[in-house]
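Asks: The lines below spell out each chain.
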Amino acid sequence: MNRYGPFNWILLVLSSLVLLFLVAPLLGLFIQTGLGEFFETANDKEVQASIWLTVWVSFSATFFFAIAAVPFAWLLARKSFPLKSVVHGIIDLPVVLPHTAAGIALLGFISRDGLLGKAASSVGLNLVNNPAGIALAMAFVSLPFLINSARDGFAAVPERLEKAALNLGASRSRVFFTISLPLAWRSIITGFVMMFARGMSEFGAVVIIAYHPMIAPVLIYDRFSSFGLSYARPAAVLFIIVALVVFTILRLLSERRKSVVTKSEYAES
Amino acid sequence: MLNLKNISKKLGEFQINDIDLKISEGTYYVLLGRSGSGKTQLLELIAGLNKPDSGEIWLDNENITRKKIQGRSIGLVFQDYAIFPNMTVFGNIAYSISSGKIDKKDVNERVSKVATELNISHLLSRSTHHLSGGELQRVALARTLITSPRLLLLDEPMASIDASLKDDIKRLLRRLNRQGLTIIHVTHDYREAVSLASRVGVIHNGRIIQEGTPDDVFRKPVNKFVARYSGIRNFFRVEFRKENGEWKAVCKDKMIFNLSGNSYPPEGLLILRSDDIKISQKMPSLHSGNCFKGIVREILPSEYGMEIKVDAGETFYVDISADTYKQQPVSELSEVFISFPREAGIALQGSV
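From first to last, the protein sequence lines stand for chains A and B.
Each residue of the first sequence is one higher than the one before, starting from 159 at the first, in the numbering used here.
Each residue of the second sequence is one higher than the one before, starting from 18 at the first, in the numbering used here.
It is possible that some hints are incorrect.
[What the hints assert, rightly or not] The calculated DMTMM-like cross-link candidates involving lysine to aspartate or glutamate, where the alpha carbons are at most 20 Å apart (straight line), are:
(1) Lys-68(B) - Glu-317(A)
(2) Lys-39(B) - Asp-77(B)
(3) Lys-237(B) - Asp-206(B)
(4) Lys-326(B) - Glu-349(B)
(5) Lys-85(B) - Glu-317(A)
(6) Lys-183(B) - Glu-134(B)
(7) Lys-237(A) - Asp-70(B)
[What the hints assert, rightly or not] Cβ-to-Cβ under 7 Å is the rule here; a few derived chain A residues that face chain B:
(8) Ala-322
(9) Leu-326
(10) Leu-411
Just so you know, the hints here were simulated from the structure itself, not pulled from any lab data.
All figures in this text were calculated on a predicted structure; none of them were measured in a lab.
Heads up, the beta-carbon is just placed ideally off N, CA and C, and yes, glycines get one too.
When you get a sec, could you build the whole thing from the sequences and use the hints?
Replies: Here it is, written out as structure tokens:
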């Protein structure tokens with residue numbers, strides 16, 4: 159016991175307190191939820207639809223925005239341009255904004271009077287109270303996680319490798335898809351999962367854009383404000399379990415993909 | 018073949034200045050320079066990874082200054098090889114020809130041919146993660162050679178490999194050059210230039226300060242910097258005087274060197290190659306110009322045999338072969354005589 163000095167003991171106690179702070183409410187939530195009410199909520203069609211909506215809308219938002227955000231991250235990692243630091247600041251802006259304020263700002267943009275809202279209306283799409291609007295709200299607040307992680311991943315790829323590929327006659331796009339992207343893959347996947355997770359858990363911005371259809375965080379809030387804690391708790395537990403399962407599956411799939419890539423590289427020869 | 022005309026490029030605080038260089042087909046050109054002298058930047062300009070601010074690059078009578086890197090047909094092997102870690106050795110070598118335009122069977126044949134030539138066929142299915150420096154070097158060369166470049170650029174190709182493998186790589190590079198491939202090889206090590214180059218350039222602070230055959234550059238360095246790069250360690254600040262029709266170099270009013278030649282500046286540096294100086298325990302009965310008595314201060318094994326540091330009023334470094342040392346062993350603190358012919362002294366004006 160004397161092997162550890164007082165400083166280490168203080169560190170241990172402080173770290174335990176932090177962990178306890180994080181785990182205790184979740185643990186309490188699970189303990190206080192009866193099995194009966196849990197299964198009843200799990201069979202509730204409204205809850206099921208809400209969780210499904212949350213998962214697929216967040217996934218779609220992450221997927222479609224990644225198509226533009228990943229090349230943008232490469233640009234940020236590789237190129238110098240005027241006002242680059244301002245661009246970095248803009249990317250991080252949604253993280254520091256109050257999310258309800260972000261929702262209000264976005265509402266002005268996507269409502270029928272807004273720029274994007276008008277364009278969507280012209281093709282018969284009303285973004286407010288629509289999954290497309292929810293996706294935009296989720297993406298708005300969670301995009302920095304993907305961009306920053308992918309940018310760090312690209313920055314960690316030695317530029318010489320890209321130069322070597324160009325020298326071997328590869329086009330810029332081939333270099334991107336065969337060298338930069340595969341080597342930054344781990345960081346991009348991490349950013350993807352982070353953005354997806356952040357999108358799923360978003361409440362403030364989404365509730366301004368769309369109370370209905372209800373995503374899970376809005377449904378939990380709705381049940382809490384209308385019927386109280388005991389009615390909201392099983393829905394919260396169910397959503398937490400689904401979120402954990404989804405992230406675990408995504409992590410496993412990304413790990414599996416990495417090993418498949420390695421095997422196919424061997425097979426190439 | 019390659020013609021650089023007044024190439025200049027500013028890179029932050031550093032600048033490549035007015036580089037003029039002509040390299041004819043089949044030349045093995047070694048560009049010597051310290052790190053930070055601009056040699057890698059010059060290679061990148063030739064390869065097209067950067068564009069010069071001014072000047073022109075001509076290859077085979079074609080102005081390629083603004084030509085895309087992919088269309089130049091110039092192969093560049095990076096100092097750390099830049100092997101793609103997400104591909105096997107095969108994937109690396111086949112990279113330039115596996116974009117779908119070439120039949121898969123042809124790809125396999127071409128990879129197999131170049132791998133056999135470079136003796137790495139057994140590595141083709143391997144990941145690149147556990148290859149040795151020499152193996153990575155060969156993979157990088159194979160990957161470049163498969164593109165049949167008109168010109169091969171090598172950035173410090175010996176810097177990251179074991180000494181035991183250097184001779185193998187040198188043999189390989191000589192063979193490629195004999196097959197007609199023009200090579201530009203940048204290095205900080207003059208010994209690579211001595212053993213490989215048909216022409217040598219010395220680059221310093223973004224300028225080529227001397228250029229010519231190895232004999233021109235190493236026997237007649239234009240200044241102290243080049244002399245140092247030629248492995249010369251004997252430098253003496255002297256005044257040149259003509260006495261009784263013969264030129265002499267006077268060092269600190271106490272040591273006088275006899276010189277041949279017709280004209281010298283009033284003052285400057287006198288340099289002597291270490292291997293031009295002979296050492297003996299007895300005063301040589303016949304010497305052709307200069308002989309001094311001194312004391313051996315240090316004896317160190319060197320690449321050529323032994324390097325002996327002699328204090329003869331000024332410090333002299335003498336290189337002798339291992340055989341000579343065996344026949345005439347000298348010991349530290351022993352008295353010796355050093356001698357060298359009049360022609361051995363090379364005069365330089367000023368210093369760098």
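Asks: Against this structure, judge whether each hint is valid.
Replies: Here is what the structure says about each hint:
1. Lys-68(B) - Glu-317(A): holds, 17 Å
2. Lys-39(B) - Asp-77(B): holds, 11 Å
3. Lys-237(B) - Asp-206(B): Given pair Lys-237(B), Asp-206(B) holds - Cα atoms ~18 Å apart, limit 20 Å.
4. Lys-326(B) - Glu-349(B): holds, 9 Å
5. Lys-85(B) - Glu-317(A): Judged against 20 Å, a Cα distance of about 18 Å means the pair holds.
6. Lys-183(B) - Glu-134(B): holds, 18 Å
7. Lys-237(A) - Asp-70(B): holds, 19 Å
8. Ala-322: Status holds, d = 4 Å.
9. Leu-326: Status holds, d = 4 Å.
10. Leu-411: Leu-411(A) check fails; min Cβ-Cβ to chain B is 19 Å, beyond 7 Å.
Checked against the numbered hints given earlier, the structure breaks only hint 10 and satisfies all the rest.
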